[in-house]
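Peer 1: Residues per chain, in single letters:
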Amino acid sequence: MHAPQSELVQAAADVLARVRERRPRVHCITNTVAQAFTANVLLALGAVPSMTISPDEIAAFVAQANALLVNLGTLDGERREACDIAIEEAGAAEVPWVLDPVFVDRSQPRAAFAKTLVARGPRALRLNGAEFATLSGADAGGDTVARFARDHGCVVALTGATDVVDDGQRRAVIANGDALMANVTAMGCAASALVAACLAVETDALRATAAGLIMLGVAGEIAASRARGPGSVAVEIIDALHRLDREMLVERARVT
Amino acid sequence: MHAPQSELVQAAADVLARVRERRPRVHCITNTVAQAFTANVLLALGAVPSMTISPDEIAAFVAQANALLVNLGTLDGERREACDIAIEEAGAAEVPWVLDPVFVDRSQPRAAFAKTLVARGPRALRLNGAEFATLSGADAGGDTVARFARDHGCVVALTGATDVVDDGQRRAVIANGDALMANVTAMGCAASALVAACLAVETDALRATAAGLIMLGVAGEIAASRARGPGSVAVEIIDALHRLDREMLVERARVT
Amino acid sequence: MHAPQSELVQAAADVLARVRERRPRVHCITNTVAQAFTANVLLALGAVPSMTISPDEIAAFVAQANALLVNLGTLDGERREACDIAIEEAGAAEVPWVLDPVFVDRSQPRAAFAKTLVARGPRALRLNGAEFATLSGADAGGDTVARFARDHGCVVALTGATDVVDDGQRRAVIANGDALMANVTAMGCAASALVAACLAVETDALRATAAGLIMLGVAGEIAASRARGPGSVAVEIIDALHRLDREMLVERARVT
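Protein chains in written order, with numbering that gives the first Met the number 0: chain A, 0 to 255; chain B, 0 to 255; chain C, 0 to 255.
Source of the hints: derived by calculation from the structure; they are not laboratory data. Just so you know, nobody snuck in bad clues.
The calculated lysine to aspartate or glutamate pairs, modelled on DMTMM-like cross-linking and capped at a C-alpha distance of 20 Å, are:
hint: 1; chain 1: C; residue 1: 114; chain 2: A; residue 2: 55
hint: 2; chain 1: B; residue 1: 114; chain 2: C; residue 2: 55
hint: 3; chain 1: A; residue 1: 114; chain 2: B; residue 2: 55
Derived DEER-like restraints, expressed as beta-carbon distance ranges:
hint: 4; chain 1: C; residue 1: 141; chain 2: A; residue 2: 5; range: 51 to 59 Å
hint: 5; chain 1: B; residue 1: 244; chain 2: C; residue 2: 244; range: 36 to 44 Å
hint: 6; chain 1: C; residue 1: 244; chain 2: A; residue 2: 62; range: 45 to 53 Å
hint: 7; chain 1: B; residue 1: 168; chain 2: C; residue 2: 108; range: 55 to 63 Å
hint: 8; chain 1: A; residue 1: 111; chain 2: B; residue 2: 120; range: 28 to 36 Å
hint: 9; chain 1: B; residue 1: 242; chain 2: C; residue 2: 47; range: 27 to 35 Å
hint: 10; chain 1: C; residue 1: 76; chain 2: A; residue 2: 253; range: 45 to 53 Å
hint: 11; chain 1: B; residue 1: 13; chain 2: A; residue 2: 19; range: 49 to 57 Å
hint: 12; chain 1: B; residue 1: 136; chain 2: A; residue 2: 159; range: 48 to 56 Å
hint: 13; chain 1: A; residue 1: 246; chain 2: C; residue 2: 168; range: 49 to 57 Å
hint: 14; chain 1: C; residue 1: 114; chain 2: A; residue 2: 142; range: 56 to 64 Å
hint: 15; chain 1: B; residue 1: 136; chain 2: A; residue 2: 83; range: 44 to 52 Å
Glycine included, C-beta positions come from ideal geometry on N, C-alpha and C.
Chain A with its partners taken away, still in its complex shape:
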């Protein structure tokens, strides 16, 4: 069933306020293409990013973090090892984590690795339709997303022209965002990072995940209204996240 729209929007506004107040630390294993944009998006929201992947340091960073992002872009041997250590530590320290299985549709070894990570208990999984089809073996239509969420005990956030967030019991559909966002590299990676920041301050993973996507979508719309293309939209979206407040979020959120 669909989660009540107004409740999710109010929850997103509350989550925003808590991120601003608590400034959660978000440790990010993310690809080198996405690192700077991801860090700037997190800082703009009020979170504190760190990005080390060194095997002898990452456990200390995760233990001191409030959330963890595991993004599989530009996956190499050191990143794989970092994922293992970080997820182990996140389990021990009860740090919620998000999995972003970038491009698993293009690389068989990466898809196999991603499947092992799904089994290790991410709080949320953010991906696009092609990536979902690779991991689940089924297209994203009908009941497959809810079933996958239920089977794996995590929230699935399937992003695209509209975003679907499903925890197997409840579903939110978010219609915010702008087409220009798809022309900016690492926008999906940034979405996953924002979801991690929200999970740091909200234990209801469906609410937290929806909150992150609503924030980025609303900021993207504000940014697009001021931008002339994907270069300026990337700059404006960071400004918009920084200026985002409860009123803008509630007024502009389009959740069903």
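Dock chains B and C against the given chain A, drawing on the hints supplied.
Peer 2: Chains B and C in isolation, oriented as in the chain A frame:
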């Protein structure tokens, strides 16, 4: 002899239309400094970038790509291995590739490695004067560029205040661009990536290479007319590439 | 004692003129999050960045450089090895170097490594209060900064809302900058890179270090007056560094 100017400009406009329509996949081995800007430049034009260098994944990415960029910046052991595997796969799958031998004038081992790559059949080689002198053992004046292109069976694109593109038989000189572009990091790397995107949709390598440089030069001029410095020119050039159309290209191209 | 304010400001203006004229090469070992912004900040000022960390190439880059930056962000095995080789070569070739011990307060092995580097003779150490406390074992109040500088024979630049630069004998306090700068990733890393560029053209390390921080602070204020948030401030600061001149610097510097 010089290639007919109007023909090259029309070809560039056709190449632009084909990139927009076909959305070629461009796999990029490129340095970590240049990755985000390169990805954004490719997305702005309409191409789809990927950037993995992991030895166990890169062959799959190259096999599914329509062009390959091999950029030697921040070269390390893993990048060297990635180059080997990617070029091997590009040969097998007939994927055209571009070599960008960044800073070979500063590093003897890199220059030696670059020479072995030149011998493996890049469709185009984009570099500056100091890099050309290191690889060829001769200054870029007179007949040396044409001779190098002829001897190695590839297009040489020597970029600077004006760009020279030569395949050993034909030459194009491109006078587009703006001085501010030289103050933005990775601008040359981005030029090489655009050349790769053009090679994905145009088999005449001279036309494709000239097309990529014309597009970037025209976008750079439009960007500079709106910018206050290298920070804003980097943003504006992405917007300008996104908005570039046949009319702007034909009107502004300065090719002799 | 405090260094005379007007002398430091005039020195900063002279340093700026020399960087513009000589275009020093600054080799940067820096984290992958900061690389692009750091390169753009250096280019905007007039310096020429390079960023290779490969063990078989880095000595050649350092030997040909006029200054070296050693930033410990995203520290991994290869970066550690690069630090060793680069500092060794900097000693042999008399290339001044700056240490930026990012996040030593979060990682014990990194703090231990940073302490060994402090003992190898950086000309300047730029860090924040938490990082200073970790390295020195004492809070940054009272005489501790001057004592640390004296004991280790290097300039300490402690940055924050106001910046303190101390060489153990002289102290400068710089009140330039804007709160928005703290919301941009790699701003501190960029400050360290600018200090390196200034050390390339000025042998008085206190003057050079103060010059780098004054330049960034003044550019940050100009940028903030034009920006709507951290996205646009990052773009504007690059433009402002590019346009910075003696008059702006002298008029706006707030040094005591």
